[in-house]
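2 protein chains.
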Amino acid sequence: MGLTSKSSQTPQPGRRSMCQPWEVVKTPVCVLGLGLIGGSVMRAAAAAGREVFGYNRSSDPVQAARSDGFDATAELEQALSRAAATEALIVLAVPMPALASMLRQVGDRAPQCPLTDVVSVKAAVLAEVSRAGLLAQFVGGHPMAGTAHSGWTAGSGRLFVDAPWVVSVDDHVDPKVWIEVMNLALDCGAVVVPARSDEHDAAVAAISHLPHMLAEALAVIADDVPLALPLAAGSFRDGTRVAATKPDLVRAMCEANSAHLVTALGETLQLLGDARDRLAASGSVAELVEAGYAARGRYDNLSRPDILSTVVGADGWREELATAGRSGGVIRSALPTRDSRG
Amino acid sequence: MGLTSKSSQTPQPGRRSMCQPWEVVKTPVCVLGLGLIGGSVMRAAAAAGREVFGYNRSSDPVQAARSDGFDATAELEQALSRAAATEALIVLAVPMPALASMLRQVGDRAPQCPLTDVVSVKAAVLAEVSRAGLLAQFVGGHPMAGTAHSGWTAGSGRLFVDAPWVVSVDDHVDPKVWIEVMNLALDCGAVVVPARSDEHDAAVAAISHLPHMLAEALAVIADDVPLALPLAAGSFRDGTRVAATKPDLVRAMCEANSAHLVTALGETLQLLGDARDRLAASGSVAELVEAGYAARGRYDNLSRPDILSTVVGADGWREELATAGRSGGVIRSALPTRDSRG
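Chains as they are written, first to last, in my numbering: chain X, 1 to 342; chain L, 1001 to 1342.
Each hint should be verified, as a subset may be incorrect.
Partial selection, computed: residues in chain X whose CB lies under 7 angstroms from chain L [what the hints assert, rightly or not]:
(1) 124
(2) 214
(3) 235
(4) 239
(5) 317
Derived from the structure by calculation, the hints contain no laboratory data. Beta carbons are placed, not taken as given, at the ideal position from N, Cα and C, and that holds for glycine.
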């Protein structure tokens, strides 16, 4: 593994100084895929003082990145050889269908590099990484940021500022790789949410994939009622905003997380079916409305305590972080590691 | 009925000049209820040069309206006597539970005045108006505008600018009252959508009340999944925005429209049930996603043709307007009437 600890006198900007001072060289970053998310990682990592280089299969984003002053190539071999030589952190930022072939090339050219991804659904990515034999150096990631637009030009070095960035704490993860991925997310301005991959996938089914299904259904139903679209205003517009997302993108996320989405849809059917039956029988929607109002209130008042004391690599660190993340805890500055405790 | 046509030399600001010039005196407006909507009607009507006066049961909004320079009272008898004397258009802007007693007083003190309302669900209002014996001079209305806030201080004379304002074209409506209500909506800057009350209620079930149910359900489901609220971002925030509305307000709208909402919920259950079954069986959400995307596209590209030629009061005018409204047609400047055709 290309993760030998190195000494450096460079101060760590944006990191809280620890009781035990510690320093880590800023690992170079190799971004594979220069779309909205990959392109934004490239910009943010460069702004944080990282050496960063990237690859994209089609040449337009490569040209655009170059003319913005970034180091980009359409030659995958070249990018991966450099990653291997510099022991770079490789960031997989390609769409799900391109992942398997990309991972084969990583396995051929840069099998020792620490590896992360910024693709949404984690179980599907984990399965591909495992199939490629790269699980030992992989820690999954998911920055919860995006815009309605896509591609290099839509990206921004500020896209991740204050956004939650999930970093996986599955049983297999290596503490040194984990620290690398955490440091990249913090360098990008994000707050790190440690989470198990399966819990991440269940959560995004509820907060991202289910909202897409509800938006699609609302649009279809209103479209069938005479006079509805001409009268539609704020509630409909907000409720269907994500139905304007290109179908291919919606299908890619939702279908990659089908088991969890089937569960979330089943719960929705139960809840709305009960509400319909009660409204028909008693004329009241009190139960659903009061529960929804209370739940939305808990979201608005969510506390986000800092995770400060977990020592990455110490006994039980993964479960400790998963528990903290589940209760809303976030990492805003680098955690101590066993090495850094002196 | 206090609707005798009067001559006036005052030009009509904001009205298209017709082939046959015509003039209508600006009828005074009596607003009953000075909350967000009533208070905004008062401001907008005054800004359009109308004589406008209002009533509110509690005195704080009355004091606030007065210190903003408006003519307001907490004495209902006084407001209604003045409405009767000036043949004012009375605008019912009280919450649904206050409507029946308000209508009894209107029937006692100002039974000849033209009457409209700005309360959401039309069938429930029609039933109360009918019970009070005031149907002949009543034309229902519903401005599709609002904010997250309520009360006099949240109002604005610009609230209705470019907003659809439904004016009912039910079988019973009198053309002279209809013209009065249309003119008020146009004076407030709204675009008038002519619609039958039953079609209005079915439409708002789909575009307003169903979105509330979906938002409540989404909030409840995500709240039950560990890690979901800490990761929630744009899709969840937009999808649950209206779940932050006070439960009493949501219940008042939804429960007053229960039959149509039961239907809309039934269609939702069917659509989401099919999507769940297909996803479980074949791993695909293509059908729902493509239909939703197409429907949202139709909303984004809705054409809003001007209704220009219907002569209010001519044979079949109500059905002609209902048909035009159903296809997205709107009234942006006063329609001709039989009287105005010379």
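Residue 214 of chain X as chain L interface residue, shortest Cβ-Cβ below 7 angstroms: Check passed: Cβ of residue 214 of chain X comes within 5 angstroms of chain L, closer than 7 angstroms.
Residue 239 of chain X as chain L interface residue, shortest Cβ-Cβ below 7 angstroms: holds (4 angstroms)
Given hint residue 317 of chain X near chain L, where the shortest CB pair must fall under 7 angstroms: violated (18 angstroms)
Hinted contact residue 124 of chain X with chain L - closest CB pair below 7 angstroms: violated (12 angstroms)
Hint check, residue 235 of chain X versus chain L [nearest Cβ-Cβ separation less than 7 angstroms]: Constraint on residue 235 of chain X satisfied, holds at 4 angstroms.
Consistency with the previously given hints fails for numbers 1 and 5, ordered from lowest to highest.
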